Amino acid sequence: MLINLKKPVTAIGVIILLAGVISGLRYINIMRGFPGLPSHVYDNLISNDTLTRINKAGIEIIAENDNFTLSLDFNSGNIEMLHKQAGYTWRSSPGDADMALEESGTLWLGNLQSPVMFAYADDMHSMLTRLGNVHNQSTEMQVFRLPDGGTRVFYFFHETGIEIGYDMHLTKYGLKIDVPANLVRDNGAGPLLTDFVIFPFLGATRSDTDDTGYLFLPDGPGALVHFHLHRDFNNSFVETVYGSDLAYVTDTGTTNIRRFFGSAVEFPVYGIHRNNNSMMVIIDGGEGLADIIGNPAYVQTGFNSAYARFSYRKSFSVITNAQTGEGYFRYSDETFNELRSLQFHFLTGEDAGWFAMAETYRDYLVEKKRLVRRPKENIPFTVFLTGGDMTQATLGSRFVPTTTFEQASEILQYFHDMGVEDMVTIYYGWQKRGNSVRSPDKYPAARQLGGDRGLRQMIVHANNLGYSVILSDNFSTITKTGRGIRLRRDTVYNAQGFSVFGGWHLSATATRKMFDRNWSRLEGYGADGILPQNTGRFLMTDFNTTAPMGRTMVMEAIQDISGHMQNTAGLLYHNRSRAFLIRPDAVFFNMPLEGTHLIMLDETVPFFPVALHGYVKYYGESYNDMSEPAEELLRALSWGALPNFDLMYAASEDLWVLENTYVYNSKFEARREEFLEVYNRFRNAYYLISDKVITSYSESGGIREVVFEDIIIYLNMNREEIVHNGVIIPGLDFIVREG
Amino acid sequence: MKILKSNIIKLTISVVFLVVFAFINVVSAIASPPYSTYSFNADRQPAYMQTVYQPVGMLGQNLYDHTTGEQLPGLSNPSGIFIDQNDRIYVADRDNNRIVHITSSGALMKVYGDESGPGVLRQPEGVFVTENGDVFVADTGNNRIVHFDAGGNYIFSFGKPDDIRLQNIMFIPTDVTMDLRGTLLVLLRGGSEGIMLMSREGEFLSFFGRNLTPLNIIERLLRFIYTDEQIRTNLNRLAPSPSAVAVGKDGFIYTATQATDRGQLKKLNVNSEDLFLNEDFQIDNPYFNPIALSAITVTNSGMIFVTDRSNGMVLIHDNLGDLQIGFGQLLFGGNFRVGVFGDPVGIGVNSRYNVFVLDRVYNGIHVFAPTNFMLNFIAGIEKQQQGLHLEAEENWETVLRQNVFIRSAHEGIGRIRYREGDYISAMEHMRRAFNQELYSAARWQQRVIVTREYTPVVLITLAGVFILWLILFKILRLKMEPTRRVMLGPRIAGHLDNFLFAAQILRSPSDTLYSASYEKHGNIGTATVWLLLYLMTAIIATGLTSFSFSMYGLRGFDLVTFLVFNLLPVLVWILAGYLVGSITKGQGTLRNIFISTVYALMPFILLRIPIALISQVLTLTEVAIYNFFMLVMWAWVVILQFIATKETQGFSMGETVKNTLWIIFVSAMTVLFAIALYGIAMQAWSFLDEFFRELLGLV
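Note that the protein sequences, when read in sequence, are chains B and D. For the first sequence, our numbering assigns the number 1 to the initial residue and increments by one for each residue that follows. For the second sequence, our numbering assigns the number 1 to the initial residue and increments by one for each residue that follows.
Hints were generated in silico from the structure; no laboratory data involved. Keep in mind that a hint or two might mislead.
Unchecked claim - Just the calculated beta-carbon pair ranges, DEER-fashion:
(1) B:P8 <-> D:S510: 38 to 48 Å
(2) B:R398 <-> D:P610: 24 to 34 Å
(3) D:P610 <-> B:I15: 39 to 49 Å
(4) D:I424 <-> B:T568: 50 to 60 Å
(5) B:G702 <-> D:L390: 49 to 59 Å
(6) B:M418 <-> D:E397: 39 to 49 Å
(7) B:E103 <-> D:A150: 51 to 61 Å
To be verified - To list a few chain B residues with every Cβ distance to chain D over 12 Å, as calculated:
(8) N44
(9) M127
(10) F156
(11) T171
(12) E239
(13) H461
(14) S468
(15) G526
(16) E709
Predicted, not measured: the structure shown is a model, and the values here were computed from it. The C-beta atom is built at its ideal place from N, Cα and C for all residues, glycine as well.
So here's chain B without its partners, still in its complex pose (with noise of 0.2 Å):
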């Protein structure tokens, strides 16, 4: 033989074993005693057994205040809530005449006559779920008094083992439901609750009757269903609030991920409308678990009809092989022990529709977030300048410098020059590598921009100028270790036990950690306010070892953190515009102003906006990116979003990296001026209304009235002049009434 095979034959068979028990450590050592979610601490968590308990048989008022009734079905659950002032009774099940109509089978004529429906799994891998009901399940029904007066109504449901129960109370605006952590449970091993829906068709509405109205629904900015006759075209809408949680999309190596990042609901509430009577759900607890569900008439049922989905146990993929991305189905041990809670507002009157209901809302968050009042103030003409990325290049990867921190003196000193007297700069990839920011290893600025001291010297020469500069930077995504960063400590893992994102994604604490961290180094640069990029952009389960969390526990954190970083940095900026990120003083961008085009919704409408303007300071789209800036531009200004604008010194040809960012033209000196026309040309409109609310709102044949209380703002969406109430509009044009 030319040559012995005998010894590298042994050696590659050592080497595989190796790497086998090396690897079969690695993995078990990853799921080495999760120690399951936790759950909060409720220190009011009442139990059955403390409570007295009420036995009565058919409907009986069990509840009463200046505005309305609540009576109770002792035999279903179901319940009836009569609005005094509009005589108008609101069921959880829809009425006797409306029945007769239905032609649905067995199982959603019992859900349309269920207060609570549920799905549920045989087992841990069916990935088939059934759908339970009062009716269907050989149900006992308990109903209780409440200390502090409300009524809590519990249901065994006998077929599969599972309870679920909730306590009710009636308001000055209607109804709270809390669903308690301790009334919901399945008993882990037989058939398994996934889901449940706490009066699935309270308000349910028939369209082959004379009602007329709509469904509201949380897309972009707000939605409308109207109750139609036929709908050819027949789907749900169907989403998660604040979008999917990715702990339990395991199969990243193979799934687009990216699809999972456009679709959101921004703001937990659903709504419907029928004749002068709406009915709005503001979801107040465990809403990081709540699929908003709206279902127009003929889709599911012969109703239409809007509810939230609480999760309480998720599926997910094992997956066995990363390259294929093949598994098996598996629901996760873990289940979500959390207070929901959800308010229900009955509003009456001829104008009880979506407005209305952004206005309850508006005042929601007020109560809630403690917001206050905007004052009166100059709208600041704001940029995004990006300092400079990584390319890559001959040998690895290279900084390019897009604008440096000289060139941003000179950016804002010809602003300056122009007469601008309040500025905003939001500065991007200032750090070390740019705007890729290779977290956590980014400071010093970047030596090619300037350094620190060409930073601080930026800031300073902005502040005299009487501008502010935000420097944006990442607490939330990493993109290598070290520095005090562990990939085991810190970052979030899925529901299979492994890193999210290959480890990428950092848990709440770290992002805490990691902001106080960085906090020295920036408070040296004296900038005004910081973006921090990414914070509350994914809200995922936690399943990492170390410090588990549920979804809503991670929402919460980072609402803690927002609230830390804006009392430690001054001024806070997100870049996306969520109702959990709300708080006094923080400024959103991106505020949805379109839809997301779901063929069954019929109408956009500005909820969120009203719901926001004249409490919360918010932009729209970067001008940049708009499409259609003429219509954009108006459309922004109509629903009250501010406008803002992408600039960097150099060419953004010349950057082959950016190419796959969103920077189609933002170069100074081609845009400088065209920038500051569309500035000039709204300023004082936004001034105007920079401290009102918005109090009506109307739209027909393209012409948008909009009053800010005091102030008419009059928008012609056509391209041809229009005459409105006497008033000349040019095409894509406005005018501003004062008085």
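Since the structure of chain B is provided, determine the placement of chain D on it from the hints.
The following block gives chain D in isolation, referenced to the frame of chain B:
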């Protein structure tokens, strides 16, 4: 090797892409349509751009008779759409056995297909309407073509023509259209012969636009070996039939084909020749599936709109078949949105450039309206096509102000600058348009100017240098050798001598190689330095080569890929040479073979950079010169390698030939073996990975 290379590049890009796509989009647009829009560079690599087609709504899910207000069933499994000159929309509504005519706003105007009699349609899949309203239907279920008049009256139908040439052909028409001369073009299901040309009366004329049969390497090899009989029985692969056909205003026939990896889009002349040269239209990005073009339409100005059902996109090509813009998204789950395509099977563009995409999953038509940006883009292309280059300037400027990555706009502006005589600016725009030909043309003009201006200066300088050289070396008889020795000291000078000795290979290859191997004139260190020089030369030359000859230069340079294609072959060659030599009793040691192989790369090291520099002043018209230089360089390297083998191993001529062939063979085997080993290692890893994941799942 090309495949490997593209895979490595894709891998690299995918990593970069993942990072970029997932996290850098700091100001990601939320208030935007539910789909992305991309611009494409010359290699069909996508980059995000702003929305150019806005979602308007969906037609056809509800159909109301515009006169009676009566509701008719909506579209059901529709499969063909046609938009005529007057923006009337016709849909082949397959499962409702009818053709519906609707307006751009969705009002139902007319239904074709009778209740009884010969005009009853069965699962029609295609429709075409002439200028005067005659309707031709591909009545798929009835295996015939039906002709209705504008009033919807049945006129005439015909099935499979009675022709001896069609014996083995199944006549199942799926679409029908008409060329400018009035000939019907009929697409047949499984029509591997291509499009069937028929007269309006149903006479068979000929087949047209047959696709090539896709064969893989092994099949190609077998075809070479097999007899005709064996080919017929064993290699009976059919050519894919075109999935859609359209006729341009210029009379060219455009086809789209799904199951093929080249020539997905074709522009055919009367002789059935593809003006797009059977090009590959694949999108070059790992996040995109291989394209499957399902429908096609051509605008008056020759822009080609196609639907890609595997990526759920509308792809917009300019009149030269160059992919410019794409938009859309593939449907996932039940989130039905305009522009999120389920199965796009038809496309039409009306006179206002609204795009209508027929979707079988939605049973409806997605409607899109062009933005102002897009209208400018289209106007630019249109004017350019009519030769009104200067008039297009304003359009192109508008486009570029909003997005600087639009190639057509750069090309348009570049043409204008060229006409204006601003060649430098023209060159810059052409570089950004990735257009080597026009860049080259501008370079030519620029060169004329430069030559005129600088010729005297250059000549005088050259003369000066020559005189200086004469004075220093010929008249004063200055000697380099002793000077060097004094300046550097004998040790370093010795190394330098050794190093420079290698260059003598150019003058006397055999002697040099022999003495390098056997007379201690060469050593490993020197050879290594030359090898590094070789690699540096390759990098520098890539960067220095003119845009006319190398589109990307060093952009997107990746060191690993570079080493795989430049260093690895050399090392494999050396190893193979050694192995072969040791079996065939060659005298070369590994050291000697290494030294001589590297020395034999000398022509490359010395000539590659000058050639790159020369390319800077050459234009595409002189590509022959460039290629000649390159050929000489490579031929020289090959010859030297041959001599190197001969001298190092001490072979005779015949032995050398035989051994060289063996070395080539062994090199190829080494590469194959390495790939196989890599594959096995990956399999082993994924087996272990899977094993432990499963184990964990069971715990």
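Each hint tested on the structure:
1. In this structure the supplied range 38 to 48 Å holds for B:P8 paired with D:S510, their Cβ-Cβ distance being about 39 Å.
2. Between B:R398 and D:P610 the CB atoms are about 27 Å apart, so this pair conforms to the stated range of 24 to 34 Å.
3. The hinted window of 39 to 49 Å between D:P610 and B:I15 holds, with their beta carbons roughly 48 Å apart.
4. In this structure, D:I424 and B:T568 meet the distance hint of 50 to 60 Å, their C-beta atoms being roughly 52 Å apart.
5. About 36 Å separates the C-beta atoms of B:G702 and D:L390, a value inconsistent with the hinted range of 49 to 59 Å.
6. Hint check: B:M418 to D:E397, Cβ distance near 23 Å, so the stated range 39 to 49 Å is violated.
7. Range check, B:E103 to D:A150: about 43 Å between beta-carbon atoms, so the 51 to 61 Å window is missed.
8. The beta carbon of B:N44 sits about 37 Å from the closest Cβ of chain D, which is more than 12 Å, so the claim that it is off the interface holds.
9. The Cβ of B:M127 lies farther than 12 Å from every Cβ of chain D, with a closest approach of about 15 Å, so its non-interface assignment holds.
10. Against the 12 Å criterion, B:F156 stays outside the reach of chain D, whose nearest CB is about 33 Å from its own CB.
11. Under the 12 Å C-beta cut-off, the non-interface status given to B:T171 relative to chain D holds; the minimum distance is some 34 Å.
12. Look at B:E239: its CB is around 8 Å from the nearest CB on chain D, not clear of 12 Å, so calling it non-interface is violated.
13. The Cβ of B:H461 lies farther than 12 Å from every Cβ of chain D, with a closest approach of about 24 Å, so its non-interface assignment holds.
14. No Cβ of chain D comes within 12 Å of the Cβ of B:S468; the nearest lies about 18 Å off, and the non-interface call holds.
15. Distance check on B:G526: its Cβ is at least 22 Å (rounded) from any Cβ of chain D, clearing the 12 Å threshold; non-interface status holds.
16. For B:E709, the condition that its CB be more than 12 Å from all CB atoms of chain D holds, with the nearest at approximately 26 Å.
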